[in-house]
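Chemist: If you want the building blocks of each chain, they are given just below.
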Amino acid sequence: MDHVGAQSRAQRGAQSRAQGRAGAEPVPAGANPDSLAALLVQSGRGSAPAFEQLYNQVAGSVFGIALRVVRDPQLAEDVAQEALVDVWRLAPRYRPDAGSARSWILTIAHRRAVDRVRTEQAHRARSQANSVTAAGQSAEPDDVVETMFAEWQAARVRKGFAALTQLQREALELAFYKGYTHREVAESLNVPLGTAKARLRDGLIKLRDMWEVEK
Amino acid sequence: MTESNGADVHALIGPYVVGALSPAEAAEFEAHLAECSACAAEVTSLREVTVTLADAEATPPPASLRSSVMAAIGTTAQVTPGPVETPEVTPVDEVSERRARKMWPRIAVAAASVLVLAAVGIGVGSAYQQRQQTRALEHDVMMVTTAPDAHAMDLGLGQSHLVMSDSMGAVVAMGDNAPMPASGMEYQLWLMMEDGSSHPGPTFMPHSDGEFMTVMSAPMDGVVGVAVTEEPAGGSPAPTGQTVALVHL
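Chains A and B are the protein sequences, given in the same order. If you number the first sequence the way the numbering used here does, the last residue is 1229 and the count never jumps. If you number the second sequence the way the numbering used here does, the last residue is 452 and the count never jumps.
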């Protein structure tokens, strides 16, 4: 994850007291959900420096899931921006006892992406969106730590999906990565709606149980 | 179609977690979640699956994203921390009000973990010792504020509150924007007992930005109030100075 990079950015930035303390012991963000929750709560109290640290930890995943769903880099950047501004706006409502900060943030990002792809589909063919490229855009310096973390997670996902039934896998792919509603999933896979709903749920449960064992 | 009605609402859990419900269905399911702790717990655990799915897609974003986001938040107002998350439901009953009141100390504790804490008993020590002591304090505060019977009250010293837990036998005072006590003085926490006596608690000093946090362990039987006074450095066995905050239980 990006947290090591986040620390160095934080330390070379304005040495706000909060950042100085938070930066005392760099820990990979993936292993330190508490600090992200703290940053989110701080952001909810109006702290822009805390929000920028939060950005360092989540922007890659926010942009990445947006890109996977909407497929178009320009659109993905718009979606990521809307989602991250939503995170800022809604941060005072984050409840640490209702789930991890990361899932709260990435749920917002995923919802935004799905909303966008559903709206966009009404306007133009997906294939057209796919043809747009990222030419001319300069990416943030590729953070080695983040890239490795993403690759590690991607390997887990590949392995996890391989262990699902075909129907579970296809249902999850259509719903999560393509923004299909459960009705569209059922139609597309030619199964009853109840079956589509059940496969989404038991597919998730299977992945959860598999990944919990790994931890 | 009746899938989304009645008992079948449980079946929406998978589609809900992956964002495959229509807005109306999602609202209906969220109403159900507010009342069904089993579903709420399952949603929380399944959401971690979608975190992994999203993290696996992580891609370095364009540099322009950071600047546009940071510029946008400068002109974006935040919502209030109100207890209502699903406007479609949540009748405000006593239970939800109590839950809402309990939220705030937890949030504050989480926030405090990245802040400098003006901790009790932090003398002149190494940075390491200070960090250890701060950690211990945070841990104690977390234990109190997350106790099932924890309840919060306004304290009135800057923007601050008390969190008490009978089961933990402890009270936490924490907040922001507290004024500094007079030179040479410190704040001291007191438990006011029903027999008229006062139990001395720890002394504490706000940080330069007014943030403070302290915790006092004592049986809560017979406690009728909590007070903060200004006392000479090191504290007093009985209150001598000006009372700066007083909460009647």
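In short, the hints are calculated from the structure, not lab data. Nothing here was measured: the structure is a model prediction, and the numbers come from that model. From the three backbone atoms N, C-alpha and C, an ideal C-beta is built for every residue, glycine too. Among the hints, a few may not be true.
[To be verified] Straight line, CA to CA, 25 Å or less: simulated SDA-like cross-link-like pairs of lysine to any residue:
(1) A:LYS1220 with A:ALA1200
(2) A:LYS1192 with A:VAL1227
(3) A:LYS1192 with A:PRO1206
(4) A:LYS1220 with B:PRO263
(5) A:LYS1173 with B:SER267
(6) A:LYS1192 with B:GLU251
[Claimed, not checked] Here are a few chain A residues that sit away from chain B, every Cβ distance over 10 Å (derived from the structure):
(7) LEU1089
(8) ARG1116
(9) LEU1120
(10) THR1133
(11) GLU1134
(12) ALA1176
(13) THR1179
(14) LEU1181
(15) GLU1184
(16) LEU1186
(17) THR1195
(18) ALA1212
Chemist: Determine which of the earlier numbered hints do not hold for this structure and return their numbers in increasing order.
Modeler: Of the numbered hints, 2, 4, 5, 8, 9, 16, 17, 18 do not hold.
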